[in-house]
Amino acid sequence: MSAALTHTGATAHADDDAPPPPRRRRLRRRARLLVGLSVILSFYLVALCADFLAPYDYRAQSRGEPGAPPSPIHFRDAGGNWHARPFVYARRLTDPLARTYAEDAMRAYPLALFPRGYPYRLFGLVPTSRHLFGVQAESQPTSQQGAAASATESAPRVYLLGTDASGRDRLSRLLRATRFSLLVGPLGTLLAAALGVLVGCVAGYAGRTADAVLMRAADAMMALPELLLILAARAAFPLQLGPAQAAVLLVAIFTAIGWAEMARVTRGLVLALRQREFVLAAVGLGLSQSRILFRHILPNAARPLVVQVSLLLPAFLLAETALSYLGVGVQEPEASWGNMLIDANDTTRLAAQPFVLLTPALAIFVFVLGVRLVSDGLRRAD
Amino acid sequence: MLKLIVTRLLQGVVVLLVVSALTFWLLAAAGGDVLTSLSADPMISRTALAELRRVYGLDDPLAVRYLRWLADLARGRLGYSFYFHTPVLTIIVPRLLRTLVLAALALGMAWGVALTLGALAARRPRSWLDRLCGAVVLLTASLPRIVLALAALALAARTNLFTVGGGAGGDLAGARNPLSVLVPAFVLAVPLVALFLAQTREGLGAALNEDFVRVARAKGLPERTVVLRHALRAALNPLISIFGYSFGSVVSGSIIVEVILGWPGLGQLSVAAVVNRDVALLMGVVLITATAVLAGNLLADVLLRLNDPRLRGGRPTARAVNSAA
Numbered sequence: 001m002s003a004a005l006t007h008t009g010a011t012a013h014a015d016d017d018a019p020p021p022p023r024r025r026r027l028r029r030r031a032r033l034l035v036g037l038s039v040i041l042s043f044y045l046v047a048l049c050a051d052f053l054a055p056y057d058y059r060a061q062s063r064g065e066p067g068a069p070p071s072p073i074h075f076r077d078a079g080g081n082w083h084a085r086p087f088v089y090a091r092r093l094t095d096p097l098a099r100t101y102a103e104d105a106m107r108a109y110p111l112a113l114f115p116r117g118y119p120y121r122l123f124g125l126v127p128t129s130r131h132l133f134g135v136q137a138e139s140q141p142t143s144q145q146g147a148a149a150s151a152t153e154s155a156p157r158v159y160l161l162g163t164d165a166s167g168r169d170r171l172s173r174l175l176r177a178t179r180f181s182l183l184v185g186p187l188g189t190l191l192a193a194a195l196g197v198l199v200g201c202v203a204g205y206a207g208r209t210a211d212a213v214l215m216r217a218a219d220a221m222m223a224l225p226e227l228l229l230i231l232a233a234r235a236a237f238p239l240q241l242g243p244a245q246a247a248v249l250l251v252a253i254f255t256a257i258g259w260a261e262m263a264r265v266t267r268g269l270v271l272a273l274r275q276r277e278f279v280l281a282a283v284g285l286g287l288s289q290s291r292i293l294f295r296h297i298l299p300n301a302a303r304p305l306v307v308q309v310s311l312l313l314p315a316f317l318l319a320e321t322a323l324s325y326l327g328v329g330v331q332e333p334e335a336s337w338g339n340m341l342i343d344a345n346d347t348t349r350l351a352a353q354p355f356v357l358l359t360p361a362l363a364i365f366v367f368v369l370g371v372r373l374v375s376d377g378l379r380r381a382d
Numbered sequence: 001m002l003k004l005i006v007t008r009l010l011q012g013v014v015v016l017l018v019v020s021a022l023t024f025w026l027l028a029a030a031g032g033d034v035l036t037s038l039s040a041d042p043m044i045s046r047t048a049l050a051e052l053r054r055v056y057g058l059d060d061p062l063a064v065r066y067l068r069w070l071a072d073l074a075r076g077r078l079g080y081s082f083y084f085h086t087p088v089l090t091i092i093v094p095r096l097l098r099t100l101v102l103a104a105l106a107l108g109m110a111w112g113v114a115l116t117l118g119a120l121a122a123r124r125p126r127s128w129l130d131r132l133c134g135a136v137v138l139l140t141a142s143l144p145r146i147v148l149a150l151a152a153l154a155l156a157a158r159t160n161l162f163t164v165g166g167g168a169g170g171d172l173a174g175a176r177n178p179l180s181v182l183v184p185a186f187v188l189a190v191p192l193v194a195l196f197l198a199q200t201r202e203g204l205g206a207a208l209n210e211d212f213v214r215v216a217r218a219k220g221l222p223e224r225t226v227v228l229r230h231a232l233r234a235a236l237n238p239l240i241s242i243f244g245y246s247f248g249s250v251v252s253g254s255i256i257v258e259v260i261l262g263w264p265g266l267g268q269l270s271v272a273a274v275v276n277r278d279v280a281l282l283m284g285v286v287l288i289t290a291t292a293v294l295a296g297n298l299l300a301d302v303l304l305r306l307n308d309p310r311l312r313g314g315r316p317t318a319r320a321v322n323s324a325a
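Protein sequences, first through last, are from chains A and B.
Under our numbering, think of the first position of the first sequence as 1, with each following residue one higher.
Under our numbering, think of the first position of the second sequence as 1, with each following residue one higher.
I should point out that these hints are in silico values taken from the structure, not numbers from a laboratory.
Watch out, some of these pointers could steer you wrong.
[Claimed, not checked] Under 8 angstroms between C-beta atoms, here's a sample of chain A residues computed to sit facing chain B:
| # | residue |
| --- | --- |
| 1 | Asp219 |
| 2 | Leu227 |
| 3 | Leu231 |
| 4 | Ala232 |
| 5 | Ala235 |
| 6 | Ala236 |
| 7 | Leu239 |
| 8 | Leu241 |
| 9 | Ile292 |
| 10 | Thr321 |
| 11 | Tyr325 |
| 12 | Pro354 |
| 13 | Ala361 |
| 14 | Ile364 |
| 15 | Phe365 |
Please read these numbers as outputs of a predicted model, since none were measured by experiment.
By construction, the Cβ of each residue, glycine as well, lies at the ideal position given by its N, Cα and C atoms.
Construct all of the structure, not just a fragment, from the sequences and the given hints.
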């Protein structure tokens with residue numbers, strides 16, 4: 001029953017007839033799979049704990065600090081004394097046009113682990129207001145003057161990745177964005193895969209007319225490039241949408257568009273498998289069609305189907321990013337990797353702090369790399 | 001061969017009709033047209049708007065509007081873009097040329113790298129070159145165009161190596177710095193390298209293990225001839241299929257590359273059409289793009305038959321390798 005499928009299209013591999021690979025190579029392949037899986041899992045873990053890891057609310061604006069570079073973290077104060085605990089200074093906008101900031105070295109504000117911040121529910125359950133890090137509420141004067149001058153001022157905020165044009169913490173937004181970006185693309189992929197497998201099974205199993213109609217429909221779907229099709233479908237709906245509506249719409253569009261390729265692969269696998277002895281045996285035993293399809297054929301098609309899903313996933317993840325970047329995906333104040341990248345359109349700032357502005361791009365790269373490692377490992381494993 | 005081309009052309013026309021009708025219907029279902037934004041203007045009365053709609057024929061039933069669009073198309077016109085205030089055709093043609101330049105350069109680069117590196121790696125399996133080849137496939141497959149394009153933008157903003165918006169506004173000759181054209185083409189090419197290189201390496205590797213290659217070597221042919229004339233020819237079929245399939249990928253990818261790197265081509269135009277609800281323009285872009293993709297598939301099928309006599313027997317085509325994304 002568990003016949004290895006080596007000759008079914010998606011998994012066909014050049015050295016089928018080669019002797020089994022030596023142990024070292026097998027280990028390397030398995031390592032790829034594991035590294036890829038752990039990258040993906042850690043991204044989802046970050047998405048789950050985004051509120052805890054983020055020091056501030058992703059929507060909270062600090063009007064006095066638009067487009068600020070990352071806060072400098074100090075260990076040595078103005079008086080030349082070293083501190084074991086890192087601290088930040090308050091910053092003041094000195095030139096609103098050039099967005100330059102000056103630090104006020106009068107008071108040092110030490111960073112703290114697990115300070116209190118905005119309230120949220122950890123894992124959606126436990127109400128708390130502790131965050132991983134932040135600025136300690138009490139400050140230490142670095143001089144007598146400082147003690148007198150700004151004892152009443154509230155603590156500044158620490159921005160590891162700077163702020164965006166509205167003065168929102170980019171790190172908090174980046175963490176929050178994992179939720180939207182890791183939900184919409186993958187969910188769309190899964191639904192598209194489910195629909196595609198269903199259509200493919202019907203086409204491959206139900207026979208001529210259904211097969212012809214469904215496959216021609218799939219051909220028509222695949223005649224247009226993916227992103228253009230998604231854009232055209234997106235154009236059919238209002239451009240301004242709330243985050244929840246945008247998420248539902250994007251998932252629906254991805255499902256409506258992604259099934260075609262999945263259906264074609266599934267159909268090919270079903271057609272190949274229904275000629276195999278174990279399926280013929282099941283037919284001979286008089287099992288019902290649905291039982292044969294779901295218990296005998298599909299489990300044997302699982303591996304190539306999973307590979308196909310892992311090839312589809314980056315496409316939709318990137319489609320969401322592209323749409324949000326173009327302003328027709330999820331819109332502000334909700335955060336997604338795509339709409340965070342809009343900040344990079346400010347070329348003066350991009351020239352000054354390229355790595356800070358491109359952190360969402362880095363996140364995309366690492367995640368896609370993880371997915372590729374998994375699909376690579378799956379395609380070649382054992 | 002002629003029969004194949006005629007059949008495929010007819011099929012292509014049907015697919016184009018379906019695709020255009022579907023797009024037309026989708027855009028109509030959106031509700032709202034170019035004049036919707038005018039309705040917010042208190043200076044324009046409702047009756048004036050209704051009159052405008054009547055003049056432009058926007059109040060006719062959907063089928064009538066679609067048929068009118070088709071009739072226009074038959075006369076070689078693509079309608080009028082309300083956003084650019086110009087006939088769609090006059091906007092699209094120069095943009096299409098720019099995108100074609102970009103696409104041709106990208107395809108050339110990607111094939112060049114893929115064939116060279118793939119052939120070198122296939123000749124020495126498990127050498128450092130082969131490992132490098134594997135690493136290049138993995139890296140190029142996971143470097144999305146949006147990431148690369150933004151990195152290129154950052155590079156352009158930081159250094160003065162090249163300008164973004166190569167020859168923007170003017171014609172291509174306006175781009176004095178060749179890098180301004182080559183960088184967007186490079187960004188467009190990178191994900192294609194993964195696609196082409198993996199297939200080249202795998203196909204050539206398999207072909208080099210075949211008996212006819214051993215025979216060619218035994219005859220004392222130079223290695224160059226063995227690889228290029230014997231093995232490559234046998235490994236060419238899936239490569240041709242991918243070549244046809246890659247047209248769609250290039251067009252899809254050019255959207256984001258053109259927007260970020262300011263290349264005034266078809267991709268940029270399609271985004272403008274969507275954002276500004278310019279139905280005629282979007283229809284034009286969709287039509288041209290779908291034609292390009294279908295033409296790519298047809299070209300691949302013809303090339304397949306030229307390369308492989310076994311396929312010429314009038315049997316249905318060995319469908320393009322479509323799983324490689």
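TODO: Against chain B, run the beta carbon of Leu241 (chain A) and see if the smallest gap drops under 8 angstroms.
DONE: violated, 13 angstroms
Task: Hinted contact Tyr325 (chain A) with chain B - closest CB pair below 8 angstroms - done: At 7 angstroms from the nearest chain B Cβ, Tyr325 (chain A) passes the 8 angstroms test, so the hint holds.
Task: chain B contact restraint on Thr321 (chain A) - CB to CB distance below 8 angstroms - done: Given a least distance of 6 angstroms, the restraint on Thr321 (chain A) holds.
Open item on the list: Using the nearest Cβ pair, does Ile292 (chain A) come within less than 8 angstroms of chain B?
Closed with: violated, 25 angstroms
Task: Satisfaction of the Leu239 (chain A) interface hint, Cβ to chain B closer than 8 angstroms - done: holds, 7 angstroms
- [ ] Hold the hint about Ala361 (chain A) up to the distance rule: shortest CB distance to chain B must be less than 8 angstroms.
- [x] Holds, about 4 angstroms.
Open item on the list: Can you verify the interface hint for Ala232 (chain A): is its Cβ closer than 8 angstroms to any Cβ in chain B?
Closed with: Because about 6 angstroms separates Ala232 (chain A) from the closest Cβ in chain B, which is inside the 8 angstroms limit, the hint holds.
Open item on the list: Holds or violated: the hint that Leu227 (chain A) contacts chain B, with Cβ atoms closer than 8 angstroms.
Closed with: Given a least distance of 4 angstroms, the restraint on Leu227 (chain A) holds.
TODO: With chain B as the partner, please determine if Ile364 (chain A) meets the hint condition of a C-beta pair closer than 8 angstroms.
DONE: Given a least distance of 6 angstroms, the restraint on Ile364 (chain A) holds.
TODO: Under 8 angstroms, Cβ to Cβ, is where Phe365 (chain A) needs to be relative to chain B, so tell me if that hint holds or is violated.
DONE: Holds - the Cβ of Phe365 (chain A) comes within 8 angstroms of chain B, reaching about 5 angstroms at its closest.
Task: Restraint satisfaction for Asp219 (chain A) [CB to CB of chain B, less than 8 angstroms] - done: holds, 7 angstroms
- [ ] Report holds or violated for the interface hint on Pro354 (chain A), using the least CB-CB distance to chain B and a cut-off of 8 angstroms.
- [x] holds, 4 angstroms
Hints 8, 9 from the list above are not met by this structure, while the remaining hints are.
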